[in-house]
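Count along the sequence shown from 1, then add 17; that gives the number in the numbering used here.
Think of the hints as simulated: they come from the structure by calculation, not from any bench.
Just so you know, even glycine gets a beta-carbon here, dropped at the ideal spot from N, CA and C.
Be aware that one or more of the hints could be misleading.
DMTMM-like mimics (lysine to aspartate or glutamate), calculated; alpha carbons at most 20 Å apart, straight line [as the list claims (entries may be wrong)]: (1) 58 / 27; (2) 165 / 140; (3) 38 / 107; (4) 34 / 184; (5) 34 / 211; (6) 58 / 48; (7) 34 / 89; (8) 141 / 184; (9) 128 / 184; (10) 165 / 107; (11) 44 / 55; (12) 141 / 107; (13) 34 / 107; (14) 165 / 202; (15) 128 / 27; (16) 141 / 159; (17) 141 / 169; (18) 165 / 139.
If you anchor each label on the Cβ, the simulated ranges turn out as follows [to be verified]: (19) 224 / 117: 50 to 56 Å; (20) 51 / 197: 19 to 25 Å; (21) 217 / 92: 21 to 27 Å; (22) 29 / 89: 49 to 55 Å; (23) 172 / 219: 53 to 59 Å.
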Amino acid sequence: MTANPITGWDISFNASKTTAKRLNLAKTYSDWLDSRYEFYKGPGGDMRMWGNGNWAIPDDSGGTARGKFQLETLGNYHLQLALNNSNVSELRPWRFSLTTNYSFQNIAFLKGVNVGGSYRWEDKISTGFPVMQDSTGAWKYDVSRPYKGPSEDATDFWIGYERKVTEKLKWRVQFNVRNVFGSRELIPITVQPDGTAGSFRIPEPTTWTLTNTFTF
């Protein structure tokens with residue numbers, strides 16, 4: 018959507034919603050995992066795991082084949098099943114931007130000068146899920162209550178000037194500052210089951226650019 022309230026003043030607004038889903042994930046692998054878990058539910062799952070000290074480890078802490086399967090495999094498997102046909106976690110569903118630019122027209126000493134700015138906003142993302150234990154003792158992720166990372170926004174400014182150098186040569190210079198109010202605080206992208214941050218990324222820094230353009 019664009020508007021020109023007065024001569025030389027341009028405004029544009031853009032908003033979008035994005036959907037990206039997981040569908041039909043690894044059907045053959047799912048069938049194999051289901052069959053293995055049925056086996057581990059029986060006497061085969063009582064087999065103790067190898068290693069020094071494992072004889073003293075309880076079943077629900079991975080001391081048996083059943084416990085180890087539940088602890089290390091089943092939770093992530095159930096998570097993928099629960100997320101089937103849902104949006105990918107890293108997706109930011111909504112985003113919008115507002116941009117404005119004004120080119121001076123009627124003030125002689127400012128003729129050829131333009132100033133502008135933009136504001137960009139992006140929705141929150143899912144960074145992880147809490148866990149719960151079901152009636153069989155298996156740990157499962159609760160996908161109905163995702164942990165959310167912060168929404169993100171940024172502001173840009175610029176100022177430019179253009180003039181004719183000759184009849185056929187036009188010169189334009191512009192100074193741009195991107196993400197003017199950028200923070201140095203790390204942004205969490207994954208969390209542990211208890212909600213504490215597991216990994217981070219570096220935020221977009223503030224950057225300055227000076228461009229010169231010749232048109233002929």
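Practice problem: Starting from residue 58, check that the Cα of residue 27 is at most 20 Å away, please. | Solution: Given that 20 Å is the threshold and the Cα spacing comes to 67 Å, the pair is violated.
Quiz item: If you draw a straight line from the CA of residue 141 to the CA of residue 107, is it 20 Å or shorter?
Solution: Satisfied, since the Cα-Cα distance of roughly 9 Å is no more than 20 Å.
Quiz prompt | Agreement of residue 165 and residue 107 with the hint, judged by alpha carbon distance not exceeding 20 Å | solution = holds (10 Å)
Quiz item: Are the Cα positions of residue 34 and residue 211 separated by 20 Å at most?
Solution: violated (30 Å)
Practice problem: Assess, step by step, whether the Cα of residue 141 is no farther than 20 Å from the Cα of residue 159, and give holds or violated. | Solution: With Cα atoms ~18 Å apart, residue 141 and residue 159 stay inside 20 Å; holds.
Self-check item: residue 34 paired with residue 184 [C-alpha distance capped at 20 Å]
Solution: With a Cα-Cα distance of about 46 Å, the restraint between residue 34 and residue 184 is violated, given a limit of 20 Å.
Quiz item: Between residue 165 and residue 202, is the straight-line Cα distance small enough, at 20 Å or below?
Solution: Between residue 165 and residue 202 the Cα gap is close to 17 Å, so the pair holds against 20 Å.
Practice problem: Could you say whether the range 50 to 56 Å given as a hint is met by the Cβ separation of residue 224 and residue 117? | Solution: violated (20 Å)
Practice problem: Starting from residue 141, check that the Cα of residue 184 is at most 20 Å away, please. | Solution: Between residue 141 and residue 184 the Cα gap is close to 51 Å, so the pair fails against 20 Å, i.e. violated.
Quiz item: Do the beta carbons of residue 172 and residue 219 sit within 53 to 59 Å of each other?
Solution: Violated: the Cβ-Cβ distance is about 19 Å, outside 53 to 59 Å.
Quiz item: Within 20 Å, alpha carbon to alpha carbon, are residue 141 and residue 169?
Solution: holds (7 Å)
Practice problem: Assess, step by step, whether the Cα of residue 34 is no farther than 20 Å from the Cα of residue 107, and give holds or violated. | Solution: Answer holds: residue 34 to residue 107 is near 14 Å, not above 20 Å.
When each numbered hint is compared with the structure, violations occur for hints 1, 4, 5, 7, 8, 19, 20, 23.
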